Every structure is written in C-alpha cells, then in structure tokens.
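2 protein chains.
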Amino acid sequence: MEEKFIIKEEFIKQAQEISRGAELLPGGVNELAIKLQKSAESKKPIRVKLGMDPTRPDLHLGHTVVMKKLKKFQELGHTIVLLVGGATAMVGDPSGKSETRPALSKEQVEENAKTYFEQMSKVLDTSKAEVVNNADWLHPMQLTDLLKLASNVTVAQMMTRDDFAKRYAEGKPISIHEFFYPLMQAYDSVAIDADIELGGTDQRFNVLLGREIQAAYGKPNPQMVMLLPLIEGTDGLVKMSKTYPEHCISLTDSAKDMYGKLMSIPDTLIIKYFSLLTDISDDELKDIEARLKVENPRDIKMKLAFTITREYHGEQDAVSAQNDFINVVQNKGIPDDIPSFKYTDALNIVDLLVELGFVASKGEAKRLIAGGGVKIDNVKVTDPSLVVPADGSAKVLQAGKRKFVELING
Amino acid sequence: MEEKFIIKEEFIKQAQEISRGAELLPGGVNELAIKLQKSAESKKPIRVKLGMDPTRPDLHLGHTVVMKKLKKFQELGHTIVLLVGGATAMVGDPSGKSETRPALSKEQVEENAKTYFEQMSKVLDTSKAEVVNNADWLHPMQLTDLLKLASNVTVAQMMTRDDFAKRYAEGKPISIHEFFYPLMQAYDSVAIDADIELGGTDQRFNVLLGREIQAAYGKPNPQMVMLLPLIEGTDGLVKMSKTYPEHCISLTDSAKDMYGKLMSIPDTLIIKYFSLLTDISDDELKDIEARLKVENPRDIKMKLAFTITREYHGEQDAVSAQNDFINVVQNKGIPDDIPSFKYTDALNIVDLLVELGFVASKGEAKRLIAGGGVKIDNVKVTDPSLVVPADGSAKVLQAGKRKFVELING
Chain D
1 MEEKFIIKEE FIKQAQEISR GAELLPGGVN ELAIKLQKSA ESKKPIRVKL
51 GMDPTRPDLH LGHTVVMKKL KKFQELGHTI VLLVGGATAM VGDPSGKSET
101 RPALSKEQVE ENAKTYFEQM SKVLDTSKAE VVNNADWLHP MQLTDLLKLA
151 SNVTVAQMMT RDDFAKRYAE GKPISIHEFF YPLMQAYDSV AIDADIELGG
201 TDQRFNVLLG REIQAAYGKP NPQMVMLLPL IEGTDGLVKM SKTYPEHCIS
251 LTDSAKDMYG KLMSIPDTLI IKYFSLLTDI SDDELKDIEA RLKVENPRDI
301 KMKLAFTITR EYHGEQDAVS AQNDFINVVQ NKGIPDDIPS FKYTDALNIV
351 DLLVELGFVA SKGEAKRLIA GGGVKIDNVK VTDPSLVVPA DGSAKVLQAG
401 KRKFVELING
Chain R
1 MEEKFIIKEE FIKQAQEISR GAELLPGGVN ELAIKLQKSA ESKKPIRVKL
51 GMDPTRPDLH LGHTVVMKKL KKFQELGHTI VLLVGGATAM VGDPSGKSET
101 RPALSKEQVE ENAKTYFEQM SKVLDTSKAE VVNNADWLHP MQLTDLLKLA
151 SNVTVAQMMT RDDFAKRYAE GKPISIHEFF YPLMQAYDSV AIDADIELGG
201 TDQRFNVLLG REIQAAYGKP NPQMVMLLPL IEGTDGLVKM SKTYPEHCIS
251 LTDSAKDMYG KLMSIPDTLI IKYFSLLTDI SDDELKDIEA RLKVENPRDI
301 KMKLAFTITR EYHGEQDAVS AQNDFINVVQ NKGIPDDIPS FKYTDALNIV
351 DLLVELGFVA SKGEAKRLIA GGGVKIDNVK VTDPSLVVPA DGSAKVLQAG
401 KRKFVELING
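Here the protein sequences line up with chains D and R, keeping their order. Oh and the first sequence: position 310 is 310 in my numbering, straight run, nothing missing. Oh and the second sequence: position 348 is 348 in my numbering, straight run, nothing missing.
Everything labelled a hint here was simulated from the structure, so no lab data went into it. Any given hint might turn out to be false.
Stated by the list, open to error - Heads up, simulated BS3-like pairs for lysine-lysine below, C-alpha to C-alpha not over 30 Å straight-line:
#, chain 1, residue 1, chain 2, residue 2
1, D, Lys148, R, Lys172
2, R, Lys172, D, Lys172
3, R, Lys106, D, Lys172
4, D, Lys166, R, Lys148
5, D, Lys148, R, Lys166
6, D, Lys148, R, Lys148
7, R, Lys401, D, Lys172
8, R, Lys172, D, Lys166
9, R, Lys114, D, Lys219
10, D, Lys148, R, Lys38
11, D, Lys106, R, Lys166
12, R, Lys219, D, Lys114
13, R, Lys122, D, Lys148
14, R, Lys219, D, Lys172
None of these values were measured; they are calculated from a predicted model.
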C-alpha cells in the first residue's frame, strides 16, 4: 500500500511564491510543494536545471525572470545547475526562427559562457551554482548510445513541437539532425539528474521531453518543469529581445537609460514587471495592485523603475536617475549635469546632430526634426536646413527626450 | 570545355546484359556503360556494393536474383563488396513490415553472416569478394559525425520513404532512431567507396540516398543503383519469402523438392524466372519466349526446373528429380524409391499421417483427406475415420503430390 503523503502548508506557500507568474508541469504547485518538503525532510537539495544558450550572451531584463526564480531556489538552499549548451551550440539550434543557427567553436562557447555568468551574477550567486557543459557527456556518445536515446521518441511526437509543425506544414526543410537538439537537451537532464527544469514557455516541448527521457532512463521521480512567461519589451507588444534594441532593457544599460526605458512601458505591463522582474513579496504585490486602481499609474511606475534600477545600479545611481527623469520628462526641464560641445563656426543642424552622435545618420536627424524631436533652448526646430549660429545665441540643444548638450561657441 | 565521351557499343551491350530485368538509376544503361568503359580503360575495377541483412540468413531463390548480377560483375573482373550490416542489425530495421526488428548480438551477426556466405558461394565466388562489416566504421562514430551525416537529409525527404509515409499516415509510431537506418546504410557507400549499389526495388529509397550522401561527402561520381525486381513465390502472387514456406524455394531444398516446386509455378512466371534466376543468354531467352507461344508451357517449365535444379544440385540429381517428377506427377505413378513403414496393428488413417510426419497435426490430416489429397494404392481416402487394416492389403500410402510411403505389415 502506498503511504499517504500529507503536504505541509509551509511548502505549498513556498511553492506558490517560487512559481509566481510561472506554469508548473505536470503536477502544478502540489508537485513542487512535495519536492520541497521531501527535500527538507531528507536534507537533500533539489537540483534545479537551467540550460543556457551560449550563442546569445547579451542579457536583458527578460532573462532575469528565470534568474529570479533560480535565486529563490538558491535562497532556500537548493542546488542550481547552470548548463552550458556547448555540444548543442556547436551543432546549431532549430529555433523558433525556423532557421538553423550557425555552429560555434569551443572557444566561442567558453567566452560567451563567461560573459553570461558575469551578467548573471548581478542577480544570483553564480559561485554557489554547479556549472556544467553538456559537451562533456554528449560529445563522447557513440552510435549505440545515440540510437538508444533517439529510440525513445517518435517522429509524430517530435512533430508536435511548434516550430517543427509550422515548418513542416509550410514545406520548409527540417534537417534530421535538428531532431537531435531537443533529444540532447532532454538527455542533459539525465546526465545532471535534474529534479526541476526552468525554461521559457517557448521551451515547453524540450523541457517536458527532458522529463520523459529521464523516465525512459529509469529516474523514479523525473523532473518537473517550470515555464516562465516571455516578457514584453517596453512597447508592450513583442517579447523583449536584442532584435528590437529600442524596446529592450539591457543589464548593461546605464541607470539613467534603464530608469527612462522602464518609465516608457505601457501601464498594462506594470504588474507583470513587478511580479517577474523584482523581488517584492506577494503581499507587496497585492498592495501595488490595489494602489494601481486609485493612484496615478505614473507614480507606481516610478516605484517600479526605481526598484529595478536600484537592483542593478545601487541606491545612489537610482536616485540620480529618478531625479533626472523628474527634471527632464516631467518638468520639461533640462538635467542638471549635461555635457558641453564647443564649436567655432556656424553649423547645419543635421550635421551637428550627426557629429554629436545623437543620431546615426543624416536621414535619422531629418526624421527626428520632422517629428518635432529636436529643440534649441526649448524651441522646436522645424527646418532641417537651419544653421546654428556661431554667435553664442543658441545655448542648449535637445534631441529626443533624454539627449542634451550645452552649446559653447568660441 | 568538356571532353566528348563516346560510349562503345561493346559496353552498352555489357550493361544491357548485366542489367537484364533490372532498373538502373539515375542514368540508365548509358550510365552503367560509361562506368564499365571507364573501368576498362583505366583498368580500375568497378566497386559493386551489396548490403546483406544478417538477420535473415536463410537464402532462397529470390536472393539469387541479385547474386546472379554480382556474378556477372565478378566475371568481368569487377570488385564485389559484400557488406555485412553488423551495426544496423545490432540496431534493428524499420522494414516494410512496419515493425521494428529485434536487435542482434555481435556473435549472432557473425554466425549469420557465415551461413549467408556459405549459401552465396553456390552462385558466386565469395572468396574473391571484399567482405566488410559496417560496425567497423559506424560504431566508432560520435555525436558530431552523426549530426553531420543527419544534416544532409530533411524530415520531408525521409518521409517520402514508402514505409515511413505509410506508417505516419496510419498513425503508427516511427521512432527517431529508425531514420538512422537509411542514413547509416547510405554512409556505408561513402565508407566503401561504392560505384554501384544493388538492391531490391523495396530498397529504392535507401540505395538512392547512398548516392546522395556520397555526393554530400564529396565523391565526384557517386554510385548509381541497380534495382532488382522482387520475385514471386511459386503461387505467383506474393514475393518469395520464408514467411510462406510452401511457396518458397530454399537453396537448401532437396533436388526433388526444388524441381517439384519449380514445376508448380504459374506459366506467367516462366520467363521472369528464366530471366532472373538462370544464366541463360539474352538470345536463349528470346528463343524460349518464342517457343512458349507455340509449345506446351509444361515442357518449357521442365527446362526451367531442370536448369535451376542442376545449378544447385548438379546434373545427376537434376536428372533424377526430373524422372521422379515425370513418374509421379505426369504419369500419376509412384516413384521408384520410396521409404517404407512397418506396423503390426490396424491404424486410423489420421493417426498414421501424423505418425509418418506427413502432416503437422490431426486437423491438417483431416483437411488433406477432405481435399482429396490422401490416397491408398491410388484410391482417394474420403473418410477420416478409416482404419488401415493390418492384413497387408494396403500397400502404398500417398499424401499430397510428393509424399509416399510403402506400408509393410508384419
């Protein structure tokens, strides 16, 4: 007879907190609570897997969603296993882009992984994490091992993966070797004996396959999976990605840029950002949700921008970024501390904008002017052929909301 | 400018003779003629690949179709490469049966291969052939090698293989590892540098893939393929196979059985059998076709049965088998030399048939009687409860066309 297992309230609460905003499969919060409780009782930490794609080492706030979860597990004493996909990166990935990703050399993989960890350490303690590279167990695999692995999955099953199904339906080629990417990723879970794997919702197929392959290889309690939502960029429309740098908040953005970009998100994203990108408690989150109904969303957003900016740049820079923002955007004023530009002869406004690096091209300068984004001493410039005089009459040039320069003639 | 290559009549004729009844792809007879001519001019023998499935070592006449072709290449001085599918047999094959074949051990593979060669040597000179086992190059392959191999084929392409397409459409599972069977077989052509591969028409996809993979690995003149028709069993309906032993002519069948079975084929198969199972020349074949229109097909079939039986059992046994056949079937007589059975007490006919081993069960005995297939002294037995008397009155018992016993009471 099976022993009746009673889940303690404490672990259900833990599981709920850890999984805020995430999807737990297949057993939901209770499965995670059981794992947490059993781990506590046996004093055997849960092994939490995160696969890292070393082909894209530039981290942005979107990546911190999963890192926040790892941090929570780490704070509870569990083991974070950071898996560098060395073998897979050296193969190329059939990603959602429906294109085969170029293969990387071993050196590139190692270099990228290093950069990745440096950025990650802003959120969690990477020194306590187990770092492994799947090239260590995947590269030595031989025919028989690989066929054994592949025999556990059918073509029909593989074709349920969204991007494969889509490409197959569209008549776009899927190379046979691409089927091995999810298989290898799944086998990683066997190799590192993962108890839970974290991944974006776009990884649903792969991480669930990890559970299945673990079971096929005899693991009694195969991994559960935690799927994290993909977070939208500052436009609130598409997922945050380096592909749209203007809507992407990079971990290496300056405090001022980070704060300013966070202030530009639509109000509808405020709660999602708070929930997934900050460490505030569930109670605080509820409080914010309540306040949002009665207060000016701008004030709540300022709290969000300040909280996140402080986390990555410290209190002082966050305060400074906030003051700047208040001054520039809210009071339409000019920041306290702006760079200066010395010149002697009169200059065309378009050439000047390019020279200052405020725009990347003359075309962009003209478009900015046409859009009313360029001001001299708070007066909009409307004519791209305007010549900035060399008589000291023009004092402050503004491009967009946050770029200023003091013009010094002489 | 490309040099103009003039194919000599001699090599076209050679190519036509070798490929009698077969399909040559992709370039037809001319492509083979060019290979033959270039080989003769360069004194570099053509490398002819035949993959052997060591899971089914019992050879029958169906297998000799391809062996006859190999023999012709051998007679012209070319190199026969007999490939034992050790690696593939140890994996299992997604055959046309839509079922995964059980994997064999290394020892079973070697034992089967040995048996295979012994039987093959009845047709060609196996001592002159190159014998290789693909386990030698496939087993050491690692992840990167296998992914490189797999990257040359798309899922859509693989799904054009008849049995895969059928199974997929029927919702029957295809394991991912099964995709590797044709890939491995194709890679064998790279490893042995084949110029032409022979196979049954059911191997069309696999052998053509060999050509493609060779090209992907840089072979300037990748292999052409010769597809041999599958030969029907003696019922003329389904392909000859051990699955239907009553319609299958095994190389280990006695001269009498071989001759008798050959005489039982439908007239429509006579030319196909002559063309693919004997060494008669094209001129002789034309002559036989002409005679078949005016003579009794039975006489032509006797020539066929004699020719094939002589090949595997020698002149003397073939003559004896032929005489027996004439005596038993044509003259409804009893063969000269039949075994005897001594008994003392009266016996039920059904029990007797079972005891003699003429039938496998009482049920079969009853069916044989009901079908009029049992005779005592040339009189049909109709009653399964008949008791064969112990008074010496019953002398010869006949079951079916070719089983006889002399009953000796005492």
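Satisfaction of hint between D:Lys172 and R:Lys401, Cα-Cα up to 30 Å: violated (61 Å)
Straight-line alpha-carbon gap R:Lys122 to D:Lys148, limit 30 Å: Answer violated: R:Lys122 to D:Lys148 is near 38 Å, above 30 Å.
Holds or violated: R:Lys219 and D:Lys172, Cα atoms, limit 30 Å. Given that 30 Å is the threshold and the Cα spacing comes to 27 Å, the pair holds.
Below or equal to 30 Å on CA atoms is what counts here, so check R:Lys172 against D:Lys172. This hinted pair holds, its Cα atoms lying about 24 Å apart.
Within a Cα-Cα threshold of 30 Å, do D:Lys148 and R:Lys38 meet the stated pairing? Not OK: D:Lys148 and R:Lys38 at ~44 Å, beyond 30 Å, violated.
Taken at face value, is the distance from the CA of D:Lys172 to the CA of R:Lys106 at most 30 Å? violated (40 Å)
30 Å limit on alpha-carbon distance, applied to hinted pair D:Lys166 and R:Lys148: holds (24 Å)
Straight-line alpha-carbon gap R:Lys114 to D:Lys219, limit 30 Å: violated (41 Å)
Given hint R:Lys172 paired with D:Lys148 - CA-CA distance at most 30 Å: holds (19 Å)
Given the hint that R:Lys219 pairs with D:Lys114, does the C-alpha gap stay at or below 30 Å? Since the Cα atoms of R:Lys219 and D:Lys114 sit roughly 41 Å apart, the hinted pair is violated (cutoff 30 Å).
Between the alpha carbons of R:Lys172 and D:Lys166, is the straight-line distance 30 Å or under? Holds, because 21 Å separates the two Cα atoms, which is no more than 30 Å.
Given the hinted pair D:Lys148 and R:Lys166, is their alpha-carbon gap at most 30 Å? holds (24 Å)
In this structure, the hints that do not hold are numbers 3, 7, 9, 10, 11, 12, 13, in rising order.
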